[in-house]
Structures are given as C-alpha cells and as structure tokens.
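Turn these sequences into a full structure, and let the hints steer you where they fit.
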Amino acid sequence: MKDLFEIARSGLIASQKNSTVTANNIANADTPGYSRQRVNLQPVDYNINGSSMGLGVKAGDVVRVRDGLIDKQIQLKNQELGGLNANSRIYGQLESLFITKSGGDLDKNISDFFNSFSDLANNPQDINLRNVILSNSQTLVNKFHSLSNGLNQIKDETQKDTGNIINKINSLLKDIAETNISIAHSHAVGKSDNTSKDLQTQKLNDLSKLIDFNTTTDNNGALEIRIGGLLVLSGSHASSIKPEITDPGSKMNLRLDNGKLLNVQKGQLASEVKMINNVIPDLQTKLDNLASNIVQNVNQVHTSGYGLNDSVQRNFFDPSKTTAATIQINQDIQTHPGDIAASSVAGEAGNNQNALGLVNLRDKNVMNGKTFFQNALGLISEPGITLSSIKSEIQTKQSAQQMLQNQQDSVSGVNLDEELSKLIKFQNAYQASAKVMVAGKQMYDTLLNMI
Amino acid sequence: MEQAVETNDLSLLLHSVENLIIGYDQADELLQSQIHAVIANDFEKLNDLISRQIDHYEELSGLESSFREQLSSAYQKVNPDNSKPKLAKLLQLYTGSTGRLNALRDDLLRKVNHVRILSLQLLDLLKYAQDLNVNTLRAVMATTEQHGVHYNQSGKTDGRSISNFSIDQKG
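Line by line, the protein sequences give chains A and V. The numbers in our numbering rise by one with no breaks, and the one at position 276 of the first sequence is 276. In our numbering, each residue's number is its place in the second sequence (first place is 1) plus 1000.
Warning: the hint list may mix true and false statements.
Derived pair list, reagent style SDA-like, types lysine to any residue, alpha-carbon separation capped at 20 angstroms [said to hold, decoys possible]: (1) A:Lys435 with V:Arg1052; (2) A:Lys72 with A:Lys203; (3) A:Lys441 with V:Gly1062; (4) A:Lys266 with A:Ile70; (5) V:Lys1127 with V:Arg1138; (6) V:Lys1127 with A:His145; (7) A:Lys435 with V:Arg1116; (8) V:Lys1127 with A:Lys203; (9) V:Lys1127 with A:Thr396; (10) A:Lys266 with A:Gln300; (11) V:Lys1127 with A:Ala434; (12) A:Lys203 with A:Ser234; (13) A:Lys441 with V:Glu1059; (14) V:Lys1111 with A:Met437; (15) A:Lys397 with A:Arg89; (16) V:Lys1089 with V:Arg1068; (17) A:Lys441 with V:Asp1025; (18) A:Lys260 with A:Leu231; (19) A:Lys435 with V:Lys1086; (20) A:Lys441 with V:Ser1051; (21) V:Lys1089 with V:Gly1099; (22) A:Lys441 with V:Arg1116; (23) V:Lys1111 with A:Val438; (24) A:Lys425 with V:Ala1040; (25) V:Lys1045 with A:Asn428; (26) A:Lys168 with A:Lys274; (27) A:Lys397 with V:His1114; (28) V:Lys1084 with V:Ser1061; (29) A:Lys108 with A:His145; (30) A:Lys441 with V:Ile1021; (31) A:Lys425 with V:Ile1054; (32) V:Lys1086 with A:Met443; (33) V:Lys1086 with V:Gln1032; (34) V:Lys1084 with A:Met450; (35) V:Lys1045 with A:Lys274; (36) A:Lys160 with A:Ser234; (37) A:Lys242 with A:Met252; (38) A:Lys441 with V:Ser1066; (39) V:Lys1089 with A:Thr446.
In case anyone wonders, no lab produced these hints; they're calculated from the structure.
Listed below in structure tokens is the structure:
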C-alpha cells in the first residue's frame, strides 16, 4: 500500500511544482496520525474499492477541467494570432507594393502628371514640354498597370497559400480522427490513453492556428469538432474542406465534402479568405475608381480644347479603357504631342486656357470630396496604417499567449484556497496597475500637448 | 509689450527636456518590467513595480510642472495672449539657434509616444489577465460543487464534506 501511494505522490510532484503540501497530503491520506490539510482526498474512495490507481485517475479528472480551460484559452489566442500573422504578412506585401523605397509612388506620379500641364501653361507652344507631359502620363499609366498587376499577383499567391492551409487542416483532422480511435478503444476498457490525448492536444493546438472550431467529447471519450457550427469530425470520420472559386474574380467559398458551405471566422484561413474576398478587391476597386475618375475628368477638360495642329477636339486618355489595368493614353496624342489641347480656341497656338483648366483639376475636390492626390495618398497609405495597427495587436496578444503558456507550465496543482487567494491577490494587483496606467496616460497626453 | 525669448529661457527648457527624457526612459523600463511581471505571473515583482511606478509618476509630475512653468514663462514673452504654450511653437518663434533643443524635443516626443503605446499595451494585457482570472474563478467554483472528502486523525474518512480541490494546470 505504501508503494502505491508513493507512486501517486511522485506522479503528482512531477506535475505539481508548487504544491508539495497537496502532493504530500494525497500521498499520506491513509497514513494513521496524519492530519489532512486542505486537499482533495477523493482518491481514498478508490482505495476502498481496492484500486490504488484510482488516485491518479481522480487527479486526472481534475486536470481535465483545468487543462480544458487553459488549452481553450491558448487555442483561442492561437486562432487570433494565426489570423493576425496572416494579415500582417499580406498587408506587408500590399504596403511594399504601394510604397516603394524610391518614392516614385502613385501620389507622386499624379502630382507630376498635373504639374507638367502647369509647365505647359507657361509656354503652350513648347514641344519639349508636351513630350514631358507624355512621359509623365506614361509613367502614371504604367504605375496603374503595375499596381493592378501587383494586386492580382498578391491575390493569386494568397489563393495558392489558402490551398496549402486547407490541405494542412484536412490532414490534421485525419490525424485527430486517428487519435479518437485509440482514445475510444481505451475508454471502452476503462483506461485513459494519455499518449493519444497528448498528441490530440498538440494537433488541436496546430489546428487552432489555422481555423476556428469548437470541440466536444462524445460518450466514448472521442473528440467531436465543429467548424462554423458544422460537424467536421466525429469518431473516426473526418470531413475534408475544399476551396471553391467558380470563375476568376468571384469570391472564394469553402465547402465540406458533404456539400455544405463552411463559414470560418478566425485563424489563418479566415484571414486569407477575407483578404481574397474583401480586402484586395476593395483596394482594386479604389484603384480602378481613381483611374476611371482621372480618365473622365481629364478627358472632359481636354476635349473642350485644341492642339497646335488642327481644330479637332480629342480625348487625352482612351475613354474605353477606364480601369487601372487598362488605362491608356489616346493613340493620337501619343503619336502627335502637338495634339495636346492647351488652347481653348482653335488656331490660337499661344492660348493656355485649356492647359490651365487641366492644371486646376489638380487642386479640385473631384473624388470623395478630395483631390486626386489626396485619394492616391489615402489609398497607398491604407495597407501601411493597417499593418502598423496589426503589429501592435500581435504584440499584445503574444504577451497574453505567453502568460497563458507560463500558467500552464508553472504551478500544476495547488490547493483551492491558495489558488483562490492568489487569484484575488492578482486581481487586486492588476486593478491597481491598471489604475496607475490610466493616471499615467493623462500625464502623457498633457505633456504631448505641451511639446 | 512683447519681450524677446532669452537664451537663458531656452537653456532652462533644454535642461528640463533632458530631465524629462531621462524620466521617460525610466518609465519605459518600468512598463516593460510590469509587462514581463504580468506575463510571468510574478505577484511580488508586480506589486513592487506598481509602488515604483507611483513614485516615478510623482517624479515625472514634478519634472512636468517645472517644464510647464519654464515653457509658460518663455512663451508669455512672445505670445502673452495664448494660454496654451507649446514648445514647438516657441521654437518656431525664437529667432536664434534651436538645433539642440529641437532635436531633444523630437527625442522626447518619440519617447512619450512610445511610453504611451506601452502603457496601452499593458492595459490591454491587464484587462485580459483580469478576465482570465474571473473565468478561472468561475471554473473553479463550478468544479468544486463536488465536495472533497475529509479524513480524521486515523486516516479514515469521516462524514464531513469540505469544498476544497486540487487544480492541475499541467496535465
């Protein structure tokens, strides 16, 4: 009997760094003269039934309650961080696309384009200045093309990555289903397959980085997993997920092999799907709108004026190509820079009124109550601003995740009274620290207003 | 009648800004330590850091008052009607060389902003830790509806039922 309790005692000590009293109490529960202190002595029930291993099993019951809580918290943090890390990576790519180290970005290209009309207005007959306009226009057109292509490339790469993630998820679901078989088998004969349970926990942690899910345990001790409310794993059967894009440009759907549509909210997969379905298309739409507005507004003014050579009123940009991917300079203008309409009167080569009209477009709030330059600046800054906020969020969540990990790794078993007391003490300390932080924030704000 | 900002005014301000920079460097360290203490669940260290943080706020508050007085005094000379003195504006209005003070101002601005962000991150972490504690307390309470068994001096169970329980985080 003494040996059996010794096994239980040593087992608990191994997993309970800060609770020697608890372990000692359990190990000595049936020792005559020993005064029980503050610990769960439920294991003695098993001794009465002649099963000394009951000590461990009972402790395991408690472990599961606590483990479930911490594991769930870690998995939730994994889901959030998995999504944020995916967002961070893709927004990083978008930021690099829109903001270059050379500084030749869309806002500058738009600015250069309109400024070159300003130079022409000073000398409307100068053919060299007209060539400068063509050169700046081509640079602007090329920038729209490269940004549009870049967005498509990022979307394509994200779609490929989504395929890889889905393969990993399907593989993990199969692995978990296999552990279920082993766990249920042991459960049927009244044993606990701790090795498979450990493996299952590890696989669940891996899965939580990729996708959000809920778990329940069936009567056989096997795990059931639901994603978006749909059962994807039950017993030894794991469903598989498939990506579905009906035609280019349409949205990506996720479908189970039973045909049901899957709705994911968190994790790497949800973030990437959101990027493919919303974020990148929204940026593409904004870019297209900017190109289209520039084409329409510049053409509207340009067609009211005349070039040096004739009295024909021409579009500056090809009016049939109004997206960022297709925008083009009118072929006539490209071939004959003299056709750039600086004059408002046919035959008056020295007239600059139409060139001034084009310059005025630079400072007009023609789109969303803002100038073209401001719209471009807002568009190219958007990924960087979002990325900065995501990075800060990642830092905070990583801290929380690390805290959970430490909690799981530290005290493995403690007395309830001590634990409650500690929790309350911590709660008070947290509250005190938070109050001090709030006071500090007022001071920082005051100083920031003075400097 | 407006007076000119004197070199001495700027020299006092320069000294004040230098002190504030040192103060905010210390605030940065204290906040980093608090974040680590919360993450490490180090109650003793956290309590110690809270006390140090309060003391440090008093120091910072003193430095800030001194800075405010010097700034107001210098600012009054160039803009007596404006009740909201600002160092950046003062430096714009001053005709002499302000290179060193400008650089220190930028440095201070950066440090205060960084400390502000750190304090917000710590607040987020504290909020999370508090919520986690509350959830843990609830889970513990739910679990302890199963009462423990009490043992008498001879190691035998007696009829009493005590609500206590072993929490295992490791598994």
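Tested hints:
1. A:Lys435 with V:Arg1052: holds, 14 angstroms
2. A:Lys72 with A:Lys203: Roughly 13 angstroms separates the two Cα atoms, so the pair holds.
3. A:Lys441 with V:Gly1062: holds, 16 angstroms
4. A:Lys266 with A:Ile70: Given pair Lys266 (chain A), Ile70 (chain A) holds - Cα atoms ~19 angstroms apart, limit 20 angstroms.
5. V:Lys1127 with V:Arg1138: Given pair Lys1127 (chain V), Arg1138 (chain V) holds - Cα atoms ~17 angstroms apart, limit 20 angstroms.
6. V:Lys1127 with A:His145: Violated. Lys1127 (chain V) to His145 (chain A) sits at ~46 angstroms, over the 20 angstroms cutoff.
7. A:Lys435 with V:Arg1116: Between Lys435 (chain A) and Arg1116 (chain V) the Cα gap is close to 14 angstroms, so the pair holds against 20 angstroms.
8. V:Lys1127 with A:Lys203: Violated, at about 29 angstroms.
9. V:Lys1127 with A:Thr396: holds, 11 angstroms
10. A:Lys266 with A:Gln300: violated, 47 angstroms
11. V:Lys1127 with A:Ala434: The hint holds at about 8 angstroms.
12. A:Lys203 with A:Ser234: Measuring from Cα to Cα gives roughly 15 angstroms; hence the hint holds.
13. A:Lys441 with V:Glu1059: Roughly 15 angstroms between the alpha carbons, so the hint for Lys441 (chain A) and Glu1059 (chain V) holds.
14. V:Lys1111 with A:Met437: This hinted pair holds, its Cα atoms lying about 16 angstroms apart.
15. A:Lys397 with A:Arg89: This hinted pair holds, its Cα atoms lying about 16 angstroms apart.
16. V:Lys1089 with V:Arg1068: holds, 14 angstroms
17. A:Lys441 with V:Asp1025: Distance of about 16 angstroms is within 20 angstroms: holds.
18. A:Lys260 with A:Leu231: holds, 10 angstroms
19. A:Lys435 with V:Lys1086: violated, 28 angstroms
20. A:Lys441 with V:Ser1051: Answer holds: Lys441 (chain A) to Ser1051 (chain V) is near 17 angstroms, not above 20 angstroms.
21. V:Lys1089 with V:Gly1099: Between Lys1089 (chain V) and Gly1099 (chain V) the Cα gap is close to 14 angstroms, so the pair holds against 20 angstroms.
22. A:Lys441 with V:Arg1116: holds, 6 angstroms
23. V:Lys1111 with A:Val438: It holds: about 18 angstroms lies between the C-alpha atoms, which stays within 20 angstroms.
24. A:Lys425 with V:Ala1040: holds, 15 angstroms
25. V:Lys1045 with A:Asn428: holds, 14 angstroms
26. A:Lys168 with A:Lys274: With a Cα-Cα distance of about 19 angstroms, the restraint between Lys168 (chain A) and Lys274 (chain A) holds, given a limit of 20 angstroms.
27. A:Lys397 with V:His1114: Cα-Cα ~18 angstroms, so holds.
28. V:Lys1084 with V:Ser1061: holds, 18 angstroms
29. A:Lys108 with A:His145: holds, 16 angstroms
30. A:Lys441 with V:Ile1021: Status holds; Cα separation ~16 angstroms.
31. A:Lys425 with V:Ile1054: Between Lys425 (chain A) and Ile1054 (chain V) the Cα gap is close to 19 angstroms, so the pair holds against 20 angstroms.
32. V:Lys1086 with A:Met443: This hinted pair holds, its Cα atoms lying about 15 angstroms apart.
33. V:Lys1086 with V:Gln1032: Violated - the C-alpha atoms of Gln1032 (chain V) and Lys1086 (chain V) are around 29 angstroms apart, more than 20 angstroms.
34. V:Lys1084 with A:Met450: Given pair Lys1084 (chain V), Met450 (chain A) holds - Cα atoms ~8 angstroms apart, limit 20 angstroms.
35. V:Lys1045 with A:Lys274: This hinted pair is violated, its Cα atoms lying about 42 angstroms apart.
36. A:Lys160 with A:Ser234: Roughly 29 angstroms separates the two Cα atoms, so the pair is violated.
37. A:Lys242 with A:Met252: Since the Cα atoms of Lys242 (chain A) and Met252 (chain A) sit roughly 10 angstroms apart, the hinted pair holds (cutoff 20 angstroms).
38. A:Lys441 with V:Ser1066: Answer holds: Lys441 (chain A) to Ser1066 (chain V) is near 19 angstroms, not above 20 angstroms.
39. V:Lys1089 with A:Thr446: holds, 16 angstroms
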